[in-house]
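Number of protein chains: 2
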Amino acid sequence: MWPDNRHQAAVLRLLRDGGPRSRAELVDAVGLSRSKLSVDIDRLIERGLVDTVGPAASRGGRRSSLVQIAEATRFLGIDIGATTLDLAVTDGEMRVLARVTEHTDLRRGPAAVISQALELVNKLRADTGTTRFTGAGVGVPGPVSFREGVPVSPPFMPGWHRFPLRETLATELGCPVLVDNDVNIMALGEMHAGIARTFDDFLFVKIGAGIGCGIVAGGQVYRGATGSAGDIGHTSVDPHGPICVCGNTGCLEAFFGGAALTRDALVAARSGRSPHLADRLREAGAVTPVDVSTAATDGDPYAMGLVRDGARRVGQVLAGLVSFFNPGLVVIGGGVAGMGHALLAEIRAVVYRKSLPLATGDMPIALSEMGDQAGLVGAARLISDHVFTG
Amino acid sequence: MWPDNRHQAAVLRLLRDGGPRSRAELVDAVGLSRSKLSVDIDRLIERGLVDTVGPAASRGGRRSSLVQIAEATRFLGIDIGATTLDLAVTDGEMRVLARVTEHTDLRRGPAAVISQALELVNKLRADTGTTRFTGAGVGVPGPVSFREGVPVSPPFMPGWHRFPLRETLATELGCPVLVDNDVNIMALGEMHAGIARTFDDFLFVKIGAGIGCGIVAGGQVYRGATGSAGDIGHTSVDPHGPICVCGNTGCLEAFFGGAALTRDALVAARSGRSPHLADRLREAGAVTPVDVSTAATDGDPYAMGLVRDGARRVGQVLAGLVSFFNPGLVVIGGGVAGMGHALLAEIRAVVYRKSLPLATGDMPIALSEMGDQAGLVGAARLISDHVFTG
Numbered sequence: 001m002w003p004d005n006r007h008q009a010a011v012l013r014l015l016r017d018g019g020p021r022s023r024a025e026l027v028d029a030v031g032l033s034r035s036k037l038s039v040d041i042d043r044l045i046e047r048g049l050v051d052t053v054g055p056a057a058s059r060g061g062r063r064s065s066l067v068q069i070a071e072a073t074r075f076l077g078i079d080i081g082a083t084t085l086d087l088a089v090t091d092g093e094m095r096v097l098a099r100v101t102e103h104t105d106l107r108r109g110p111a112a113v114i115s116q117a118l119e120l121v122n123k124l125r126a127d128t129g130t131t132r133f134t135g136a137g138v139g140v141p142g143p144v145s146f147r148e149g150v151p152v153s154p155p156f157m158p159g160w161h162r163f164p165l166r167e168t169l170a171t172e173l174g175c176p177v178l179v180d181n182d183v184n185i186m187a188l189g190e191m192h193a194g195i196a197r198t199f200d201d202f203l204f205v206k207i208g209a210g211i212g213c214g215i216v217a218g219g220q221v222y223r224g225a226t227g228s229a230g231d232i233g234h235t236s237v238d239p240h241g242p243i244c245v246c247g248n249t250g251c252l253e254a255f256f257g258g259a260a261l262t263r264d265a266l267v268a269a270r271s272g273r274s275p276h277l278a279d280r281l282r283e284a285g286a287v288t289p290v291d292v293s294t295a296a297t298d299g300d301p302y303a304m305g306l307v308r309d310g311a312r313r314v315g316q317v318l319a320g321l322v323s324f325f326n327p328g329l330v331v332i333g334g335g336v337a338g339m340g341h342a343l344l345a346e347i348r349a350v351v352y353r354k355s356l357p358l359a360t361g362d363m364p365i366a367l368s369e370m371g372d373q374a375g376l377v378g379a380a381r382l383i384s385d386h387v388f389t390g
Numbered sequence: 001m002w003p004d005n006r007h008q009a010a011v012l013r014l015l016r017d018g019g020p021r022s023r024a025e026l027v028d029a030v031g032l033s034r035s036k037l038s039v040d041i042d043r044l045i046e047r048g049l050v051d052t053v054g055p056a057a058s059r060g061g062r063r064s065s066l067v068q069i070a071e072a073t074r075f076l077g078i079d080i081g082a083t084t085l086d087l088a089v090t091d092g093e094m095r096v097l098a099r100v101t102e103h104t105d106l107r108r109g110p111a112a113v114i115s116q117a118l119e120l121v122n123k124l125r126a127d128t129g130t131t132r133f134t135g136a137g138v139g140v141p142g143p144v145s146f147r148e149g150v151p152v153s154p155p156f157m158p159g160w161h162r163f164p165l166r167e168t169l170a171t172e173l174g175c176p177v178l179v180d181n182d183v184n185i186m187a188l189g190e191m192h193a194g195i196a197r198t199f200d201d202f203l204f205v206k207i208g209a210g211i212g213c214g215i216v217a218g219g220q221v222y223r224g225a226t227g228s229a230g231d232i233g234h235t236s237v238d239p240h241g242p243i244c245v246c247g248n249t250g251c252l253e254a255f256f257g258g259a260a261l262t263r264d265a266l267v268a269a270r271s272g273r274s275p276h277l278a279d280r281l282r283e284a285g286a287v288t289p290v291d292v293s294t295a296a297t298d299g300d301p302y303a304m305g306l307v308r309d310g311a312r313r314v315g316q317v318l319a320g321l322v323s324f325f326n327p328g329l330v331v332i333g334g335g336v337a338g339m340g341h342a343l344l345a346e347i348r349a350v351v352y353r354k355s356l357p358l359a360t361g362d363m364p365i366a367l368s369e370m371g372d373q374a375g376l377v378g379a380a381r382l383i384s385d386h387v388f389t390g
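Residue numbers (my numbering), protein chains in the order written: chain A, 1 to 390; chain B, 1 to 390.
Since the hints were made in silico from the structure, they are not lab data.
Treat the hints with caution; some may be incorrect.
[Unchecked claim] Derived, one-sided and incomplete: chain B residues facing chain A with beta-carbon distance under 8 Å:
1. TYR222
2. VAL267
3. PHE324
4. GLY361
[What the hints assert, rightly or not] If you want a taste of the chain B side facing chain A, the calculated C-beta under 10 Å gives, among others:
5. GLN68
6. GLU71
7. PRO143
8. PHE202
9. ARG223
10. ALA225
11. GLY233
12. THR235
13. VAL245
14. CYS246
15. ALA319
16. TYR352
17. LYS354
18. SER355
19. ALA359
20. ASP362
Glycine included, every Cβ here is placed at the ideal spot set by N, Cα and C.
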């Protein structure tokens with residue numbers, strides 16, 4: 001099923017990323033002679049990995065010169081969030097054909113969550129008429145050993161430590177599977193079809209229940225020596241700050257993670273300092289980070305203050321990382337990205353003031369374009385990179 | 001002069017890194033058929049890039065099966081420091097054949113410093129009987145546009161901004177030249193022949209006049225989007241700290257850079273809080289970071305305190321970077337590395353306590369093995385990578 005060699009792999013990736021092309025264009029891009037590459041393209045067509053396409057196909061016996069990734073190609077993206085299961089089926093160009101989202105509770109353990117996911121997969125299969133997937137990518141909200149395809153000591157996920165997630169899903173789905181940290185697949189999604197399309201070196205900062213960072217270096221996700229790269233949630237921003245679940249004090253997440261924001265919102269609601277959050281608490285019986293986001297967007301001064309304080313601390317951590325990593329772009333995504341301009345303005349203010357001018361010269365700081373599709377498209381992209389290897 | 005193709009390049013790199021090998025070993029390592037690779041090896045011998053070697057060479061007409069990088073191969077490493085010019089000639093396996101160090105003053109501008117360097121090159125040429133260099137690598141103590149081979153706004157180097165250093169030296173030396181930041185070449189040196197030999201992802205932290213970090217990701221130096229990656233000297237460690245030359249407050253260098261350490265040593269000497277430094281000031285009329293190092297090694301409590309305070313702040317910055325980058329190894333080098341165990345112990349204490357356990361699990365923090373040769377060997381290695389490309 002996989003390509004025979006690196007030229008075939010190059011053809012598949014070009015068609016995935018750029019859509020249908022003529023044989024002549026592919027010859028130019030791959031840099032092989034026309035006659036040699038034709039053999040490879042014919043082989044890909046023979047094996048059903050590539051289709052001929054377009055008007056040229058109707059010219060009777062003459063072979064078309066336009067080819068595309070086989071229309072039957074189907075990738076599965078599974079984005080396991082802290083409280084949601086999000087799945088999508090894409091075509092060979094990573095376009096989402098169908099998507100389904102359901103609430104979940106990771107604390108029920110891997111068996112229950114996988115069985116829930118497989119039911120959703122069946123639904124997606126039916127919706128899209130998919131009999132087999134070319135591959136599936138999976139994002140997990142915690143550290144992952146990428147090589148082994150297992151979560152490693154994920155906080156908030158009891159029972160998942162070293163669970164053979166890749167192996168189990170590969171058996172169940174009958175296709176190649178890769179498992180990665182959720183922030184890494186979000187970065188990949190943004191690189192494939194979002195604002196990072198033209199960048200080789202960039203950071204994707206996810207602010208949600210947790211705070212993490214996807215690192216792309218030289219067009220590749222950088223995972224670090226043991227796969228934990230990008231963990232910025234536990235960088236100390238104030239030695240006298242609140243105690244964090246990790247045991248240290250003053251971590252970024254202890255100020256601006258989902259739990260911290262919920263805690264601060266509750267205090268603001270109960271004390272009446274935020275009328276908006278107080279109303280919300282009365283109505284719903286609880287307040288969430290999304291409520292803070294809504295209140296801030298509606299102009300509630302206290303909620304805006306919470307967003308700005310959190311953003312300032314994110315900026316503080318990012319300032320050092322921008323000087324260190326010198327990215328071409330910083331993307332802000334995740335649930336809290338809904339806070340939009342106030343969040344972005346404060347992060348920018350701190351980073352542009354505190355990072356080295358040389359590092360920030362042409363560097364944009366921007367909100368994710370892919371929004372809540374980043375992880376799904378990225379998961380599909382991840383496994384397609386793997387499958388489209390010669 | 002350069003290899004014709006990537007197989008020849010692979011042979012040259014294998015011989016550079018592993019020394020003489022038989023043709024059979026090269027066939028295994030390169031993964032080409034024996035007959036095909038023999039053509040490439042013969043071509044390399046013909047062109048004088050590779051020699052036959054060893055006892056087999058004496059077996060009359062029969063061609064030896066042991067080959068090595070041509071003995072005539074000569075690389076030049078130029079390590080431009082804040083106050084010194086350090087040059088070495090290496091053979092094709094990056095062994096230093098001759099070396100010369102001289103005091104310099106970068107403020108005299110590029111023309112004067114280059115002319116001083118070229119005199120030293122002539123001395124090295126004479127010492128080693130070198131008529132031509134295969135290539136030269138150059139390290140500069142400031143930001144560099146690697147692609148263009150020019151320094152970019154280097155602090156303490158008036159007149160060097162965008163000076164065409166690579167071009168000038170390539171013309172003068174008549175060989176390919178690459179220019180890089182000094183910390184990057186130190187990292188490369190440590191990777192070639194030092195403690196980082198077996199690591200693909202590591203950080204090389206240089207503590208000297210400035211504080212900087214060489215980043216190696218996937219076996220390659222990572223330079224960032226605009227070449228300034230690794231600048232950690234201006235990471236804020238205390239918002240209420242001293243004002244830094246960069247205009248911000250509380251930067252790492254404002255606490256522990258060469259100038260900061262000199263300032264603190266002078267205060268300690270004048271106030272008599274450090275008898276050792278007071279003696280030194282009386283004798284020499286000045287105190288330097290090296291004096292602090294010596295005093296600390298001799299057990300002067302105040303000097304030891306200065307080292308520990310500085311090391312703690314380095315550790316504070318590294319703790320965040322280790323969580324972010326998840327390196328397999330952290331190497332501490334540069335002038336201040338002479339402070340040895342006290343420095344290392346304090347850095348380790350902070351990093352191991354503050355970084356994520358997942359990131360520090362198997363991660364050693366160690367002193368540079370290459371010492372003051374790291375930059376020279378790294379500069380030679382840098383240009384050899386460039387020249388040995390197919």
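Consistency of the hints with the structure:
| no. | hint | result |
| --- | --- | --- |
| 1 | TYR222 | holds (6 Å) |
| 2 | VAL267 | violated (25 Å) |
| 3 | PHE324 | holds (6 Å) |
| 4 | GLY361 | holds (6 Å) |
| 5 | GLN68 | violated (31 Å) |
| 6 | GLU71 | violated (35 Å) |
| 7 | PRO143 | holds (5 Å) |
| 8 | PHE202 | holds (8 Å) |
| 9 | ARG223 | holds (7 Å) |
| 10 | ALA225 | holds (3 Å) |
| 11 | GLY233 | holds (9 Å) |
| 12 | THR235 | holds (4 Å) |
| 13 | VAL245 | violated (12 Å) |
| 14 | CYS246 | holds (7 Å) |
| 15 | ALA319 | holds (7 Å) |
| 16 | TYR352 | violated (12 Å) |
| 17 | LYS354 | holds (6 Å) |
| 18 | SER355 | holds (8 Å) |
| 19 | ALA359 | holds (5 Å) |
| 20 | ASP362 | holds (7 Å) |
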